[in-house]
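Chains as they are written, first to last, in the working numbering: chain A, 25 to 313; chain B, 27 to 236.
Just so you know, these hints were derived from the structure itself, not from any lab. The C-beta atom is built at its ideal place from N, Cα and C for all residues, glycine as well. One thing to keep in mind: the hints can contain errors.
With a cut-off of at most 27 angstroms between alpha-carbon atoms, the simulated BS3-like pairs for lysine-lysine come out as follows [to be verified]:
no., chain 1, residue 1, chain 2, residue 2
1, B, K215, B, K202
2, A, K69, B, K215
3, A, K69, B, K168
4, B, K191, A, K46
5, A, K132, B, K171
6, A, K45, A, K112
Take a look, some chain B residues computed to stay more than 12 angstroms from chain A by CB distance [unchecked claim]:
no., residue
7, D38
8, E39
9, R43
10, G55
11, L70
12, Q71
13, M73
14, T84
15, S100
16, A117
17, I122
18, K168
Example chain A residues on the side facing chain B (calculated, C-beta under 10 angstroms, incomplete) [what the hints assert, rightly or not]:
no., residue
19, M73
20, S77
21, L200
22, I243
23, T258
24, G264
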Amino acid sequence: MAITYDQVKSVSAELYESCLKKIPEDTKEALRKATEAESNEGARKILNMMLRSAHAAESGNRHICSDAGVPVYFMKIGTAARLDGNIKQAVSDGFDHLVATIQPPILKHVTNPLTNERGYKGKDMPIVSYDLIDGADYVEIVCQPKALGSGRWAALEIFSFPTLETIEKYVMDCVLKAGSQHCPPVVIGVGIGGTFDLCAKIAKQATVRPFGRKNPEPILADMEERLLKAVNKTGFGPMGTGGDTTALAVHIEYTSGHGFTPVAVCFNCWINRRAGARIYNDGRIERFE
Amino acid sequence: MTETRQLTLPIDEPTIRSLNAGDFVELTGEIVLTAGLPTHQRILQYMKDGKPLPIDITGGTLFHLGSYSQDTASGFEVLYINPTTSTRFNAVMPPIVRHYRLRMVGGKGGLDRACVDTLKEVGCVYLSFLGGGSPLLSDAIKEVKAVAWEDFVSHYRLVKLRVEKLGPLVVGIDAKGNSTFETLTEQAKQRMPDILHDLETERANSPSSR
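Build out the structure end to end from the sequences listed, making use of the hints.
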């Protein structure tokens, strides 16, 4: 057997729809815990509304947010995976299928940056990045539709031989700049090192990491913990109208590079869109959040 | 403190001026909304040309809410609404708020100081909607009153809805010159030296640095 065009197409569409209508379980749990820990009464009220909205969307097959974002997929192809058909085209066709069939319909967010015209299609859309997994007999697809609310605030700066202090200060600068506007409580993804392009990519990938998993590098595991505490001391709170809960998690990834060290910071809003699947050679499809 | 105040539209200036940043409110009545910058630019053009808007917003509301509207045999239907980031409309809001004497604007993320000053001058508040609150907000829609400028993509159209108990919404900017967003940003800036100091202490004491 092989991994088919049809499977990749339908999984691409399903993952997108899931992102629009269902918040990951760990995120709902984090919001519940935040509700208990939050000292600000108004913030608790907003966190409770978030949980009610999540439940209403999931149980009523509705969109949590009207900004369906633009299609972003991370695809990892196992070197032992057998592919049948145009797998790259399948992702694109999967998004087209979603646009044509999803109920309720989604709004047009794909934007030509030169004219600001909007539609469902555009140059190089969907945005798909590829990687290989040696020996794996599956294709892994992670979908993360990206919307304006949180997408707008991602930033990257290149330092030379920065200290940890410089890196952490930069993350806090980005948090201050985003302020109330990225639909907090957010998940913060930080990339350190590599090159301009790779750093942004690992920061983005850090936002899809499930909650509760620390970076295995002890320096970063500690940094994740102290930055989360630091961000939540800013006081922006849920929806940026005040409270102790500005971020649900800080996830950091690093990679070696030259002494010019990019630091990238990006945000996922509280609905924390992410959904993944592995499609195996034998036809099995495993879903994960 | 976080009791939700019920407000009915249209609303008078004294009631607007009695609201405080941080108050929770729910709205019942008719509201007008759009999520499009081109829509605001067209409003400005109409103002300049002295043309009446297809949906009058005088003394009313203009919210930064996107909506999915579709034409059906029985007229327009609006399937859902949800707020969008307001700060990208900073530059266009003061003339619009002033010209139409708006009583309420809103969306998410707030507006800048020039807008805060205009809201105070005119007697208008900014309401913060829950981003990702589409199911809850959409349930408040009772009737689609009008949809205009259909040449725009759905979320850029000018839409008038009758809503019942839309919210709860937070008064993010009141008509007294107070902005929750500005206060919180200022507070975060003031806290930053202590936050950075705590980070330094924790870095020095972290297990990985020992």
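| task | Go through the numbered hints given earlier and state which of them the structure violates, listing their numbers in rising order. | result | none
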